[in-house]
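Going down the list, the protein sequences come from chains U, E, Z, P and V. If you're matching positions, the first sequence starts at 1 in the numbering used here and goes up one per residue. If you're matching positions, the second sequence starts at 1001 in the numbering used here and goes up one per residue. If you're matching positions, the third sequence starts at 2001 in the numbering used here and goes up one per residue. If you're matching positions, the fourth sequence starts at 3001 in the numbering used here and goes up one per residue. If you're matching positions, the fifth sequence starts at 4001 in the numbering used here and goes up one per residue.
A few of these clues could be false.
[To be verified] In silico SDA-like pairs for lysine to any residue, Cα to Cα no more than 20 Å straight-line:
1) V:Lys-4012 to U:Arg-17
2) Z:Lys-2061 to V:Ala-4038
3) P:Lys-3193 to U:Lys-131
4) U:Lys-131 to U:Asp-165
5) P:Lys-3193 to P:Trp-3177
6) U:Lys-124 to P:Met-3175
7) V:Lys-4012 to E:Ser-1196
[What the hints assert, rightly or not] On the chain Z side, residues computed to face chain P include the following (Cβ under 10 Å):
8) Leu-2169
9) Glu-2173
10) Thr-2183
11) Ala-2184
12) Gly-2201
13) Gln-2209
14) Gly-2211
15) Ser-2254
16) Ala-2257
17) Ile-2263
[Claimed, not checked] Not the full set, but computed from the structure, chain E residues with beta-carbon under 7 Å of chain V:
18) Arg-1072
19) Ala-1075
20) Ile-1078
21) Leu-1091
22) Arg-1116
23) Met-1117
24) Met-1162
25) Ile-1207
26) His-1208
To be clear, the hints were calculated from the coordinates, so they are not data collected in a lab. Glycine is no exception: its CB is placed at the ideal position from the N, C-alpha and C atoms.
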Amino acid sequence: MTDDLVRMENINKHYGRIQALTNVSFSVRPNEIVGLLGDNGAGKSTLIKVLSGAVPLSSGDIYFKGRKVEMRNTADAIANGIETIYQDSALVPQLSIARNLFLGREPTIGPAFLNRMDQDAMNKVARDLLKQVGITKNIPPTTPIGSLSGGERQAVAIARAMHFDSDLIILDEPTNNLGVAETQGVLRFVRGARDSGHSCIFIAHNIHHVFQVVDRIVVMRRGTIVADDIDPKKMSIAEVEDVITGEAH
Amino acid sequence: MTDDLVRMENINKHYGRIQALTNVSFSVRPNEIVGLLGDNGAGKSTLIKVLSGAVPLSSGDIYFKGRKVEMRNTADAIANGIETIYQDSALVPQLSIARNLFLGREPTIGPAFLNRMDQDAMNKVARDLLKQVGITKNIPPTTPIGSLSGGERQAVAIARAMHFDSDLIILDEPTNNLGVAETQGVLRFVRGARDSGHSCIFIAHNIHHVFQVVDRIVVMRRGTIVADDIDPKKMSIAEVEDVITGEAH
Amino acid sequence: QAAGKTYYWISHGGPADPVWTYFLAGANLWASDTGNTVNTSFHSGDVPSHQEAMRAAIAAKPAGIVSTSPDPGSLVKVVEEARAAGIPIINFNTPDPSAKFQAYVGANLESVGRGWAKFLADNKLVKDGDFVWMPVEVPGATYGVQEEAGAATILKPMNVTWEVTDATLDQAEVINRMADYLTANRTKIKAIIGLGDLVTGSIKRVFDQVGIKPGEIPVVGWGNSNDTTQEVLNGYVNAAQWQDPQATSYIALSLAAMAAGGIPPGFDIITGALYQKDTAAIYDKILSGK
Amino acid sequence: MERSLVERLIAKPELGPLVLLILELAVFASINPEFLSALNISNALTFTVELGLIALAMTLLMTSGEFDLSVGSVFGFSAVLMWTMFNTGLMPMWVAFLVTLGVALFIGWANGMLVTRQGIPSFLVTLGMLLVVRGTALYTTQGFPQNTWKADDQWLAQLLVGDATILGVRLYMSMLWFVLAALATHYVLTQTKVGNWIQASGGNSNAARARGVPVAGVKILLFMFSSAMAAFAGIISSIRTQAANPNSGTGYELEVIAMVVIGGTVLTGGRGTIIGTVLGILILRLMRNGIVLIGVPGLAYNIFIGGIILGMMVLHNYIERRHHAGT
Amino acid sequence: MERSLVERLIAKPELGPLVLLILELAVFASINPEFLSALNISNALTFTVELGLIALAMTLLMTSGEFDLSVGSVFGFSAVLMWTMFNTGLMPMWVAFLVTLGVALFIGWANGMLVTRQGIPSFLVTLGMLLVVRGTALYTTQGFPQNTWKADDQWLAQLLVGDATILGVRLYMSMLWFVLAALATHYVLTQTKVGNWIQASGGNSNAARARGVPVAGVKILLFMFSSAMAAFAGIISSIRTQAANPNSGTGYELEVIAMVVIGGTVLTGGRGTIIGTVLGILILRLMRNGIVLIGVPGLAYNIFIGGIILGMMVLHNYIERRHHAGT
Ligand SMILES: Nc1ncnc2c1ncn2[C@@H]1O[C@H](COP(=O)(O)OP(=O)(O)OP(=O)(O)O)[C@@H](O)[C@H]1O
Ligand SMILES: Nc1ncnc2c1ncn2[C@@H]1O[C@H](COP(=O)(O)OP(=O)(O)OP(=O)(O)O)[C@@H](O)[C@H]1O
Ligand SMILES: [Mg+2]
Ligand SMILES: [Mg+2]
């Protein structure tokens, strides 16, 4: 199945003494939304952190578009077109919304050696993105992240993923903290991403949200994958919950 | 209605230029679970932070058991029997689970002047509490918070509220990050709290969870209260969502 | 020279205080001349670490120890220990009568201070009621304190007033602070006594910056650095005190060696001379000759 | 709710330091008019800019969440190094100058590598480096100061610290260099991509790394920059004071950091302001100058410096509160 | 997954410093056996404990997320103060002693108030205090050292630094005080409620405050403690060295902080270890002693100190990595 967008094979990861992942093999096809479920501490975040180069893997291989790749750091992942939103949403409280949105890939203006950021453009885009995510109240894009509400921060993190269209978008519990409107915004965005040909890994504990968007559900438990091809159309929420808690038969 | 457990009258709060609360009046009766809903940035966290002394109010009065009280700092609130779990769960990453659970109210052993913590007792209680919240995997209570998964941390925060039985327990989006089992644990705890005569303020964006436990729903929008006596038995989830997003008629 | 014995040379000076570099040079010269090893260490006026070094030296059972005295009385016990251990121990540069050193080599700081004041008085450079400025690198360090005390014996009777100011050991800061002080009190100051080498050596630079002509304000002070001899030659400094730094170290070590050889030194050796334009050339040669 | 220009000005963190500076000037000038005399101003400024150059670099470094205690000894070392190479006729002055900067850059690089790759706290790394560099300066010169008389007829010396007297005020070229450096660093911090990375590295390095920002690279670069600036300042200073003394620069690190912090840059990184630093530099140096000028007893000098620093911070804090009430 | 005892020992953060210390002892002893001679050991220890007392207090303070640059000048000031009061016959020694401690406590209290209530960074507060205190010592004494002859026949002096020779090793009472202080601080940090509060204040002060922990109170208390210990050490040292010089203690602050950090306590607070600090103290002081003993040329002294600090940290870091692989 070389038609996979990414394929992770026999991944192992341990933090000091703690084995967080054991022989996990996991793959995402082009243009597919995979829902990654599992109880707390199952290893979901760790798995996607390995995939996005945030933590080094202990052993195993990662293939991207059939080609074996090294994910030494997040820069590698980004270069490969992987965009990630971490659960502990990674924003810089002191920086403005706009500066956070473009952090690492700021648009420049004028001669290259001046290395000048195009702040006007950044602010403009930021304003639009916030609308798209569903933040109705107008918040100036120059507001420092530190003074936003829990959900507003999450929304900013999402907005970032929306803007840079990458082949694979990873969302680790993106709907946490989000209100009704904002949540709808995210789900709309995920569907839109697929329609425009991107793939997406969607982690969430709120199964209702998962069911609304994903094509396939993968379930983890205690650092291993216990089910990796559940079709949400063929299974009920209750059944999936049983799989997660391990009461399946 | 002096039979209120707490009553907040005409509360105003602004952060610098930003008006987060405008003339909010809000009350909780003894032995009642109030669901506090509202979109992102509506002012929910701010309201309960004011109530728990985490941020100073700009103007307004707070009555506890009919008596006017000053909430200068969290110590005051705790003294008044108010236990709060903040959205940005306030834990010390370097400290162990047990030390975090009892932080500020560590049990002591031996002569008072030795000020010695009873660490064995703390660890024992911690272990039991984690079970109660629904953490099945056994994690030693001496593990530093820093090495826990998102949900495991949340669970620890909850466990804390469970242990110290206070008159009023405030939970700001407690089910965020929580898996199926853990979430059930929390909801069970909330119901239990009421049955044993406590009151509770329950903030969450996941209305399904709210509907499962609360007696009364209060909805905020843009720093004001738009509905403060919704009976979940008489209204559908969809209707409430409309109130929240402001499409009510 | 495997045959060489080991000696310890311990100083309370700052490693880069110009004059100390010449003391050190003397010690090193002696080492190469005699083929003995000389372990040197500087302690920038820190008494505990100075004592620590002395004791470490005693522990190492060397042929002899030569040491300065960071503070009056601060070495009494240590010296006793050295004597008890039968290690020859010579005092140099800063005397401490209260400690039982076998001998002292170096200037007598009080008389140096007296000498400066006397020079100013004899040449009618200060008169009744005048004000004298005494900049010093490290206020409270023995050398400044004793020199001030010495000068006082002459100045007080003439009821000349004076002020000691903190110039620090940092060249740029020294110039900066002295320039500031001079700008502020230019009219008031009738004479300057540089209690240390760094401050005296900075006079030219300070005068130039504040715009004071050589000789406009009479200056006396230490003259153990190249800078100062230049200043004397160019008339910025009227008279400077030479304390034969290399010689001091050299002789002190020689005395130690002698004592080690069984000949107890029963005498002190006082070094130093106050020089002016006419004789400055000699010292210029020594100093620029490095 | 965009804020009005006025509001924005008032809300600026630099307001505090600005008020302090004006107050300071007023007080000193009223006690002793000499304070504002052309002569005194030029005296006060000359040394100020030399420390200032280091403070500018330190501001960027501290914004990225690190600091450098070794600047003081690099200041002294580089001057000694350059003059030794030049005096011994090893090479012409400008070569010696470049070589010295090269060495300084290497020192900074070493600091950066130890901090970022080895994960050793910058306090220890730069403290260790402070001792090594100072020691090297002392040992190689055997403590002898290098004479710098030959400097005057060198075009480079002129370029670096040549002075001109404008309306009675003696101004050194170094002033010019300082102004240029200030503008440049301000531009970098506020306008450029790199500036954004610097702030991000200090604010939340994990977040920055997660966004693919080369945090380690940025920090190493800034360590190199601060060393280079320290060396540059040291050389300028040595030419002006006509002395290259191996222990000059002792204790500058604390003074420089104090300037930066008073200016409003946070010790823990994330927030930094060049304007604030410039104000901080002036506040501290003019204070030292003013105190002597108003005739404080010599030995009481430190009491006043310390007291004023404390007083100023309390005032500063008061002003801050007034304008960010609630937050 | 409870860990085995062995595993726990290995995982201890103190392992690094311990290995370093042993290594150091081995090297010096091999170069010069005198290093382990009874005489040398007692010498090395005497001064060690005086700095050590301060380091212990500093450990607690740094764990709570603050640090104190003024300890060095309090060290010098308190000795001068006590002897002046005693020599001028104002009061008997023990009263003078208590009064001095009182003054020190006040200094610490002032530091704490300025940091916690005014929210001024401890760097600036304690730097300012450093200058004020040092200046006061200089100004009041006009720079003249206080003589301390009359000490020997004082019971207090005996109690503080009386010495006894045990199997050829001369031991001072101060050793005893140090050991007691070490045990006490270790107990406080690891076993007590207050200890938990200290760590919480440093780890996440918001969280601590939210739990009703009196963060400000804790910090003020620790500032007072560190000042008091500095004064105590200063007095002990002045009696032992028979010198009370207004300049003594200059620069101790950095050395003390270095000891604490080498021991494994984090500069930014939250994690602290007394055992580590004790090791750190020994590492640094024995290094200084050893270097003199093996006859490193005076001017190269700093090069070695600095070099060794850097080398040690790299090694330390290597050891850490080996045992916490992955994390
Ligand atoms: N930095 C770390 N150090 C040590 N152990 C860790 C670390 N991060 C995670 N773990 C452990 O690894 C396991 C998996 O953690 P992970 O965050 O992947 O779980 P998760 O599936 O994301 O859980 P949640 O749904 O609660 O976020 C957990 O048992 C956790 O305790
Ligand atoms: N520290 C702060 N400084 C400035 N503004 C703040 C601060 N905290 C919150 N605000 C603002 O106050 C408003 C209310 O914030 P609050 O956190 O109470 O919202 P919330 O209802 O809890 O939202 P969420 O559901 O996303 O948590 C928001 O607009 C937010 O931007
Ligand atoms: Mg997770
Ligand atoms: Mg909230």
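Here's how the hints hold up against the structure:
1. V:Lys-4012 to U:Arg-17: Status holds; Cα separation ~14 Å.
2. Z:Lys-2061 to V:Ala-4038: holds, 13 Å
3. P:Lys-3193 to U:Lys-131: violated, 25 Å
4. U:Lys-131 to U:Asp-165: holds, 18 Å
5. P:Lys-3193 to P:Trp-3177: violated, 24 Å
6. U:Lys-124 to P:Met-3175: Outside the cut-off at roughly 40 Å; violated.
7. V:Lys-4012 to E:Ser-1196: Violated. Lys-4012 of chain V to Ser-1196 of chain E sits at ~44 Å, over the 20 Å cutoff.
8. Leu-2169: holds, 6 Å
9. Glu-2173: Given a least distance of 8 Å, the restraint on Glu-2173 of chain Z holds.
10. Thr-2183: Where the cut-off is 10 Å and the nearest Cβ of chain P is about 5 Å from Thr-2183 of chain Z, the hint holds.
11. Ala-2184: At about 4 Å, which falls below the 10 Å cut-off, the nearest Cβ of chain P leaves the hint on Ala-2184 of chain Z intact, so it holds.
12. Gly-2201: Hint holds; Gly-2201 of chain Z Cβ to chain P Cβ min 8 Å, cut 10 Å.
13. Gln-2209: holds, 6 Å
14. Gly-2211: With Cβ-Cβ at 7 Å, under 10 Å, it holds.
15. Ser-2254: violated, 21 Å
16. Ala-2257: This hint is violated: Ala-2257 of chain Z lies away from chain P, its Cβ roughly 23 Å from the closest one there, beyond 10 Å.
17. Ile-2263: violated, 32 Å
18. Arg-1072: violated, 12 Å
19. Ala-1075: Given a least distance of 4 Å, the restraint on Ala-1075 of chain E holds.
20. Ile-1078: holds, 5 Å
21. Leu-1091: Since the shortest Cβ distance to chain V is 6 Å, the answer is holds.
22. Arg-1116: Holds: closest Cβ of chain V sits about 5 Å from Arg-1116 of chain E, inside 7 Å.
23. Met-1117: holds, 6 Å
24. Met-1162: This hint is violated: Met-1162 of chain E lies away from chain V, its Cβ roughly 15 Å from the closest one there, beyond 7 Å.
25. Ile-1207: violated, 27 Å
26. His-1208: Check failed: Cβ of His-1208 of chain E comes no nearer than 29 Å to chain V, outside 7 Å.
This entry does not satisfy hints 3, 5, 6, 7, 15, 16, 17, 18, 24, 25, 26, going by the numbered hints stated previously.
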